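S.K.: Protein chains in written order, with the working numbering: chain A, 337 to 433; chain B, 7 to 179; chain C, 366 to 877; chain D, 4 to 724; chain E, 11 to 542.
Among the hints, erroneous ones may be present.
[What the hints assert, rightly or not] Taking lysine-lysine and the DSS-like style, the derived pairs with C-alpha atoms no more than 30 Å apart in a straight line are: (1) Lys749/C to Lys124/E; (2) Lys460/E to Lys203/E; (3) Lys834/C to Lys124/E; (4) Lys323/E to Lys671/D; (5) Lys520/D to Lys160/D; (6) Lys205/E to Lys671/D; (7) Lys432/A to Lys92/B; (8) Lys176/B to Lys432/A.
Simulated from the structure, these hints should not be mistaken for laboratory data. The structure presented is a predicted model; accordingly, all values stated were derived computationally and were not measured.
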Amino acid sequence: MITEALILSAILFVVGTFGVLVRRNAIIMFLCIELQLNAVNLAFVALSRLVGIDGQVFVFFVMTVAAAEAAVGLAIIISIFRHYESVDVNNFNLLKW
Amino acid sequence: MVDILFYVFAAVAIGSAFGVVLARTPVGSLLFMVSTLASVAATYVLLEAHFLAAIQIIVYAGAIMVLFLFVIMLLNLGHEYRRDLKAPLAMIPAFAVVGAMAGFIARVFRATDVGAGMMTEAGRGIDAALLEHGAVGAIAQPLFTDYIVHFEVTGILLLVAIVGALALAKRSV
Amino acid sequence: MELDFSRQLHYVWALLPEIILCVWGMGVLIAGVSGPAHRGEDHAVSEDPAFGTGSGLGWVSLVGLLIAAFFNGWLYTLDEVGRGAVVAVDDFRLFANWIFLGGAALSILISFTYVYRNRLQAGEFFSLILFATAGMMFMAGARDLMLLFLGLEVMSIAVYALTAFNRRDRRGAEAGLKYFLLGAFATGFFLYGIALVYGATGSTNIDTIAAVVSGGRAREGFLTLGIALMTIGFAFKVSAVPFHMWTPDVYEGAPAPVTAFMSVGVKAAAFVAFIRVFLVGFESVSDQWYPVLWWLAAITMVGANLMALSQTNVKRMLAYSSVAHAGYLLVAVAAGNETAAAGMLFYLLVYTVMNVGAFAVVIGVAHQGEERLQIEDYSGFGRKRPELAVFLTIFLLSLAGFPGTGGFMGKIYLLQGAAESNLWYLATILVLTTVASYYYYLRVAWYMWMRETTSEDQHDLVVTPLPMKAALIIAVAVVLYLGIFPSSMMEFARAGVEGLGALGGGLLGVHP
Amino acid sequence: MTIFSTLLTSVVQEGHGGGGGDFVPFLPGLVVLLPLLGFVINGFLALRHARRSADAVRAGGELDLGGPGERPATHTLPSLVGPGVMLLAFLVTLVNFVRMLGSELHEPMVVHYWTWIDTGAFHVSAALQLDQLSMVMMMVVTGVGFLIHVFSVGYMKDDPGYPRYFAYLNLFVFFMLVLVMGSSYPLMFVGWEGVGLCSYLLIGYWFSDREKADAGKKAFIVNRIGDFGFLVAMFFLFVTFGTLDFVPVFHDAPDALVYGGGLATAISLFFLLGATGKSAQIPLYVWLPDAMAGPTPVSALIHAATMVTAGVYMVARSSTLFALSPVGSATVAGIGVLTALFAATIALKQNDIKKVLAYSTVSQLGYMFLGVGVGAYAAGVFHLMTHAFFKALLFLGSGAVIHSMHHALHHTHNHADPQDMRNMGGLRKYMPITWTVMWLATLAIAGIWPFAGFFSKDEIIWQTAAFGGAEHAPFPGLYTAYWVIALAAAMLTAFYMTRLMVMTFHGSNRTGSAEEKHLHEAPAVMWVPLAVLAVLSTFGGWINVPEAIRESFLGGFGVLPMTEWLHHWLEPVTATAHHIQETNLGELSHYAPFGGGEVAWAVISTVMALVIVVAASRVLVRGEVKPAAEDAEPTGFGKVLYNKWYVDELYDRTVVQPLLRLSRFCWKWIDAFLIDGAVNAAGLVARGMGWAGSLFQTGNLNTYAFFFSLAALVILGVVVF
Amino acid sequence: MTLILEAIGYGGWALHALVWLPVLGMLLVLRSEEESAKHVAFWWSLGVFVLSLGLWWAFEPGWGGMQLASSTPWIPAWGVDYALGVDGISLFMVLLTTFTTPLAILGSYRYIGKRQRAFYALMLLLEAGVVGVFLATDVFLFYVFFELTLVPMYFIVGIWGGERRIYAAIKFFLYTAFGSLLMLVGILYLFMKAKTMLGVPTFALAELLQVPLSGTEQLWLFSAFALAFSIKVPLFPLHTWLPDAHVEAPTPGSVVLAAVLLKMGTYGFLRFLLPLFPVASQHPTVVSVMMVLAVIGIVYAAWVAAVQPDAKKLVAYTSVAHMGFVVLGIFALTLNGIQGGLVVMISHGLSTGALFLLLGMLYERRHTREIEAFGGVGRVAPLFATAFVITALASIGLPGTSGFVGEFLALLGTFETHPTIAIVASAGVIFAAYYMLPMVQKVFFNALEKPENREMEDLSGRELVILTPLVALMILVGWHPTPILERMEPSIEVVLERVEEAAAPVMEAEMLPGSETSHAPETAPTTSSETD
């Protein structure tokens with residue numbers, strides 16, 4: 337079942353990746369990244385069955401990181417929304433080439 | 007039984023994950039996300055990580071997702087639907103890439119021998135620890151000994167995040 | 366004094382500089398929030414920004430860095446017992462700390478007037494720099510992948526915030542968003558890599574990993590995949606082509622002092638961690654990751670240098686330049702021997718100094734803001750402000766790797782590292798792309814010296830307040846000193862790497 | 004300074020030059036040094052003078068040299084120094100000559116001054132070689148040179164560049180002396196190119212005139228083609244002998260080189276290329292007629308008497324080498340005889356008095372080549388010497404004529420060409436002395452007994468016959484052809500020279516009635532040298548009277564003073580060559596190809612020449628000549644000759660223009676387009692690639708993430724597989 | 011003279027002084043007044059020249075090794091020494107540099123109007139760099155100086171140059187840097203090899219010479235080094251940076267560029283290429299390639315020069331031709347050839363330097379360099395014309411001038427080993443006249459038609475002071491080159507011996523007859539061994 341869980345995590349991970357690739361809404365993109373982190377957590381948990389309790393501890397840290405990122409990330413999104421009145425990344429192309 | 011449950015939850019998780027990606031509205035995505043998190047939490051339980059499952063629901067689905075929702079509401083993105091998915095044709099290369107990626111990773115996972123079922127030595131160790139310290143204690147024990155430094159750094163991390171969020175999101179100077 | 370990490374309290378000593386920085390950062394934050402600068406009433410006062418309101422916090426932060434530096438020096442007197450600890454107390458980490466502290470100090474010095482002019486919140490700004498520095502130091506000292514990751518996050522989150530720090534600037538916000546989303550995206554990969562390495566070896570302790578891996582006890586598939594994913598994560602952080610795409614945008618959009626800070630600090634931290642993880646942890650399976658790094662290095666050097674050729678925005682050009690330097694440093698990682706690692710440390714040091722120096726002048730020309738960043742804006746600069754132009758020329762020559770400057774010695778060091786591992790193709794690519802880089806570095810020089818000003822008052826508003834002058838003079842002095850008398854610093858760098866080998870025990874042929 | 008004192012004092016005899024009997028050279032360095040000194044003084048004066056005249060030009064006018072006829076003050080010192088140093092040099096030469104006459108000198112005397120080049124593998128000294136050959140040349144150069152210097156004092160009197168003129172002239176003599184006295188090929192080459200330089204400077208003496216400057220340039224460049232041959236020949240010599248000094252080279256040559264071998268032939272042919280350049284032989288003769296753009300005394304000195312004979316001198320000097328190569332020698336002779344005929348034909352139809360003389364010179368040089376080509380080195384040198392006398396005389400005489408014409412035309416502001424013979428006619432009346440001496444020279448060049456040219460030219464023709472008839476002559480039929488052509492050319496010579504004399508001095512005057520009044524005889528300073536040269540042209544041939552002729556009626560049955568004196572005099576120099584010749588060819592023939600001995604053919608040729616002279620003068624005097632302005636272009640074959648067989652045009656089309664086009668092609672297409680284009684393209688491509696690369700940088704986050712993932716996928720793919 | 015030298019204790023310190031005094035002078039110039047900067051620079055560089063003159067007497071003519079040598083560790087970890095020394099090859103290059111610099115500075119008094127301090131400071135810096143190149147006996151140090159000379163030249167061309175100065179400057183910089191950086195890789199390879207072989211890191215040339223290299227390695231390294239030096243020389247077809255740089259550079263820049271910077275390339279051939287890679291240097295294919303390129307350069311550059319409308323560009327192309335003779339002489343590998351090459355280097359420095367000075371003076375007067383813009387100048391500027399003609403003649407190698415001695419010896423030496431090539435190259439003497447004389451004629455002869463030319467001033471006193479020593483030296487060297495030749499000879503013999511001896515064993519082992527031409531490098535010193 338560990339392998340299956342890992343494969344599940346892989347699928348969740350690439351679905352998250354897929355979301356980042358195809359969504360233009362910054363919040364949803366970020367949400368997809370959270371999905372990726374969640375997939376990693378699943379991998380940690382699955383692997384902790386294989387090698388020890390430490391993996392579960394790491395999930396803890398990852399969740400904290402996710403929370404921290406959410407705080408800053410959403411703040412940035414709010415900040416940019418103030419400028420563009422939009423969260424569509426297609427609009428954000430002052431910086432290019 | 008456990009296996010069947012696992013597959014059910016896995017299916018839900020994957021389906022919800024696709025829902026996150028493909029949902030029409032941000033709120034829809036968010037709800038699918040919660041669903042995914044819940045399903046994953048269920049698999050945590052199946053993997054004997056009960057405490058983490060709880061945390062997953064409480065912290066992740068509960069707190070972080072609410073934060074997202076809050077921001078979506080704040081930015082007034084909840085109602086109107088503006089298609090922000092790429093055109094289907096443009097999605098093909100992206101799909102090909104992630105598909106191949108999944109294939110590669112899965113291939114490695116399938117090729118790696120992890121022993122039968124969950125009855126690895128370490129798994130037994132975890133079970134023992136759970137028995138000895140309880141679900142919380144099993145994690146707390148290493149968390150506050152071996153990983154004390156990590157734990158402290160996590161504190162700093164949160165502080166930084168707060169400072170950063172504060173500095174960025176304040177309305178005026 | 367010896368540290369035995371079996372008792373956790375010893376970590377307090379081992380992490381003293383980091384702790385001091387964090388505490389100091391909180392102090393600065395509180396001072397900023399409660400101080401007069403925060404009340405927004407005295408921005409109209411035109412006093413010398415060097416000593417003006419809010420800038421006091423800058424000096425305070427510098428003091429904090431100084432104290433941290435002092436304790437970083439003190440750490441040299443310590444020894445650790447065993448290698449199982451999550452925090453390393455080796456010369457490698459301490460050398461890297463010097464780079465971070467120096468880079469942070471220089472970045473703070475050049476940001477005084479910028480902060481003042483752009484009405485940034487000094488308390489948050491400086492404290493975030495301090496926190497980010499602390500994060501870098503955690504990365505450098507981490508002998509545990511998870512701690513490394515947390516350090517990375519502390520650094521990254523602080524820098525994300527700093528990038529978007531100027532809330533009046535749309536470009537800043539855009540840069541912040543791009544950096545954040547892509548950074549988080551890459552974090553996912555990196556973390557997945559850690560997870561798989563953990564799964565493969567059963568530990569996140571680099572030393573243990575090294576032992577397991579070299580003992581052949583790791584799970585092959587997980588390990589390989591984990592290494593690949595970690596490579597991707599690091600490649601993003603060091604902005605190797607093709608993971609560099611955020612770099613030009615972010616460097617261009619971020620406030621210039623922040624750009625300076627992240628171009629030196631983030632990169633240095635990522636490389637230091639890169640070296641420790643790959644050369645200590647995964648050294649014995651180098652045949653797995655070496656080709657990837659080889660190609661990454663080659664593509665990065667070629668791509669970045671070529672793309673930099675057509676840039677007209679100086680900050681963006683320096684961004685591509687920074688990517689190109691990442692390529693040079695990747696050569697050292699690919700070479701993976703002691704000389705290369707030492708060369709990398711040396712180069713990072715030089716790079717920190719010269720790049721911050723270059724950015725200092727850029728900030729000066731940009732009127733302590735984001736105004737005049739096009740290369741045309743430099744025309745006739747040498748005529749109007751010869752001393753600044755000379756400084757910038759020296760920094761550019763050093764970036765280009767010209768004899769007489771530290772950049773040259775650094776490049777030679779890297780090349781030696783590559784040579785020791787017989788990476789002659791990479792060495793050749795390195796020098797050839799260096800030729801291309803001459804073009805865009807010298808282009809700035811030719812605009813400065815060989816063109817006339819477009820208007821009489823073009824450079825009248827260029828100000829270089831005292832702290833920036835100090836930073837410039839320090840930077841020039843270091844660049845030239847390292848270019849002419851590189852010996853002691855080279856040996857110092859070498860010693861740092863030897864420390865890594867002895868304690869981490871993973872360098873070429875020096876297995877424990 | 005030390006060099007100068009060295010030149011004067013240190014006389015070190017080299018090992019090879021030891022066999023000089025009791026010959027003690029008298030300050031040979033001084034001979035070279037004196038003209039150099041003259042050059043330095045005159046050069047300094049010239050620069051000072053030029054500065055002043057430049058100031059005047061800048062002020063908008065010309066430097067006032069005083070009234071016409073007066074000798075400007077600035078000209079006094081050069082007038083003294085220029086000829087003065089020549090006189091001294093001649094006297095020193097004379098002393099040496101006398102001493103050499105009184106001694107038995109079998110080996111050349113080499114006077115070493117300083118080491119010029121010493122690389123360790125190659126050594127050459129700055130050393131002068133005194134032997135019979137160089138002595139003859141020195142006498143000619145300094146003697147004739149002195150006379151021409153004197154003549155110039157009169158001729159150039161009104162010229163504003165006077166000091167510069169003498170500076171160049173002195174410098175020329177210096178280099179010429181280095182050429183003939185140098186003890187090694189490199190030193191000879193110094194003189195060789197040095198005289199070329201002076202020739203260039205003097206042809207373009209009136210450099211403000213574009214045509215004259217062009218002519219100088221042409222002379223230099225064409226000469227350089229020859230110099231190329233000289234250089235290569237030296238290289239061959241060096242790799243063969245390890246040295247380029249005359250003495251050891253000629254000493255070792257018979258052993259080191261195989262008779263008729265490829266190496267000897269290569270050496271001689273490359274030397275020949277050098278000689279054709281300097282001595283204006285086919286195919287490099289084209290510069291000499293143009294060289295007439297220089298002042299006439301220059302033409303006399305450089306382009307008749309001395310420099311152009313350097314090629315002959317060189318072949319004579321290298322006689323050993325040429326003797327070793329029958330092919331080389333035959334080529335020398337062939338080129339010579341062809342040039343003799345070819346130039347003579349052109350001279351038939353030229354109207355410019357100097358052009359006629361120029362082609363005549365080319366033709367006569369051809370004879371000299373023929374002489375040295377058939378092993379008659381002494382005869383070649385002999386003709387060189389007599390030619391120096393009579394051709395210098397002819398040139399100076401024409402100079403006097405031109406001088407007179409110029410003054411006459413100048414007075415009436417007539418822009419007619421003072422050198423065009425069609426504008427002359429009947430000058431005998433105004434210039435009796437000139438007329439006399441020039442007739443003497445004409446008879447000499449026409450080869451009429453007993454003038455100098457008779458003996459020298461006849462000997463060459465005879466030797467050709469004798470050589471071709473030798474026992475083992477290499478290409479017997481060829482020499483017969485040479486002999487016939489040489490005879491024919493001699494007849495042509497008689498004709499065109501008579502034409503020149505008649506057009507210039509006889510018939511009615513065509514200058515114009517107003518101008519006629521101003522025609523006058525040359526002043527004494529000009530005609531005295533003419534007279535001296537006339538004496539030499541008349542009697543100079545007696546120094547080398549062949550025995551057969553001396554004992555025949557032509558020699559008054561022994562009345563002529565000496566038998567083959569020059570031949571004997573030069574014997575030490577040519578001995579080796581003669582020895583080689585004897586060994587390989589056997590005895591020379593005593594009969595001409597169609598029978599007849601030496602005397603018989605001498606008589607035949609002189610009679611024929613005389614007949615031509617007389618007949619031509621009768622016919623031509625009666626013929627109507629129109630002044631240049633009214634004259635029509637010649638037609639038919641005459642036009643071809645008039646246009647010099649169109650050789651200049653041919654060269655222009657086949658060499659000059661193609662080279663220019665090639666050069667432009669190289670510049671525009673190869674250099675600018677291809678090479679530089681590639682360089683710039685490399686830069687452009689790099690920038691273009693960079694630009695294209697940065698196009699991925701769309702600013703769109705999805706794109707960035709996509710490329711990130713793509714790259715990640717590639718990395719994963721690489722490690723997984 | 012020797013007594014004076016002994017009295018002041020002339021010795022190794024003088025070499026260091028020659029490198030560092032100009033740097034000191036640079037600081038002095040920067041500190042001086044704008045107006046007096048040129049005087050400071052001139053007198054200072056003259057002082058440096060006087061100091062360098064002492065080398066002439068302090069130098070022991072009979073000895074071919076490094077003299078007055080000294081060595082101090084600079085970067086001990088890499089075995090880099092700050093090591094200077096002088097031998098018969100570098101002696102004249104150093105003297106040429108110190109001799110040319112004051113003249114170039116003096117020649118720029120009128121030309122340089124703006125930012126004088128900076129200009130003269132850069133000139134002195136350039137001098138320091140070039141002297142360093144010629145004196146360094148440590149390869150690393152050499153490389154540092156070699157690169158360092160680029161920067162001042164870049165700015166001299168770029169700031170004080172003509173219309174297209176920036177293009178020219180960047181082209182010069184990139185082109186030459188391109189070559190030298192590849193050489194750097196070669197140097198590092200040598201270094202690694204030496205380190206493995208000797209056990210200690212070292213960059214000292216004498217030590218690197220001990221490193222045995224296989225034939226293949228030699229060919230690769232030879233290519234890297236030869237590329238760098240060939241670009242510098244410049245050898246056809248790597249020459250296109252030169253005309254641009256020369257035309258755009260200000261007079262003193264052109265002078266120094268032609269007189270000494272180009273020599274760094276040929277000097278590199280002699281100092282490094284031949285001794286370090288004797289086998290490759292003797293490899294028939296290699297030698298043929300180099301020689302053929304040199305010959306093409308001689309003839310082709312002459313052709314191209316002949317049709318240039320710009321006098322300065324014309325002279326620039328002649329440099330390519332002249333340096334072709336040097337390369338030819340060097341790769342002849344004969345005493346005569348190399349001596350000749352060195353003399354051509356000196357002669358080219360004198361004559362081309364003087365030509366550029368003269369053209370600069372012309373430009374100062376008329377503000378154009380178009381040949382067609384002149385005509386008849388000889389009438390208003392006779393001294394000028396005289397100096398120009400003498401210089402031009404020296405440049406085309408007229409006997410009696412320095413040019414002849416050099417070209418003759420170089421060709422002679424070449425002929426000893428490669429007769430055909432020498433013959434073709436000798437044709438260069440024809441083409442030399444073909445490009446130079448028309449230019450001389452069009453500028454100084456012909457009718458004085460244009461009124462602007464009528465106003466032209468003749469040489470001033472200062473200009474006379476500049477030109478006189480140059481012209482005098484051209485003639486002196488033409489008539490009495492022995493003192494130069496005898497000082498060079500032992501050092502060249504050392505090189506030649508080294509080439510022959512070191513080549514012998516490898517030749518025997520690897521280059522048996524028949525395998526020579528097809529001796530393609532089988533394995534690059536690269537990926538096949540790329541492991542950690």
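S.K.: If a hint holds in the structure, say so; if it doesn't, say that too.
M.R.: Outcome of the hint check:
At roughly 14 Å between alpha-carbon atoms, Lys749/C and Lys124/E fall within 30 Å of each other, so this suggested pair holds. This hinted pair does not check out: Lys460/E and Lys203/E have alpha carbons roughly 65 Å apart, beyond 30 Å. At most 30 Å may separate the alpha-carbon atoms for a hinted pair to count; Lys834/C and Lys124/E meet this at roughly 28 Å. Of the pairs offered as hints, the one joining Lys323/E and Lys671/D holds, with about 14 Å between alpha carbons and a cut-off of 30 Å not exceeded.
With a C-alpha separation of about 21 Å, the suggested pairing of Lys520/D with Lys160/D holds against the 30 Å cut-off. Between Lys205/E and Lys671/D the alpha-carbon distance is near 49 Å, which puts this suggested pair outside the 30 Å criterion. Of the pairs offered as hints, the one joining Lys432/A and Lys92/B holds, with about 20 Å between alpha carbons and a cut-off of 30 Å not exceeded. A hinted pair counts as satisfied when its Cα atoms are at most 30 Å apart, and Lys176/B with Lys432/A qualifies at roughly 28 Å.
Violated hints, listed in ascending order, are 2 and 6; each of the other numbered hints is respected by the structure.
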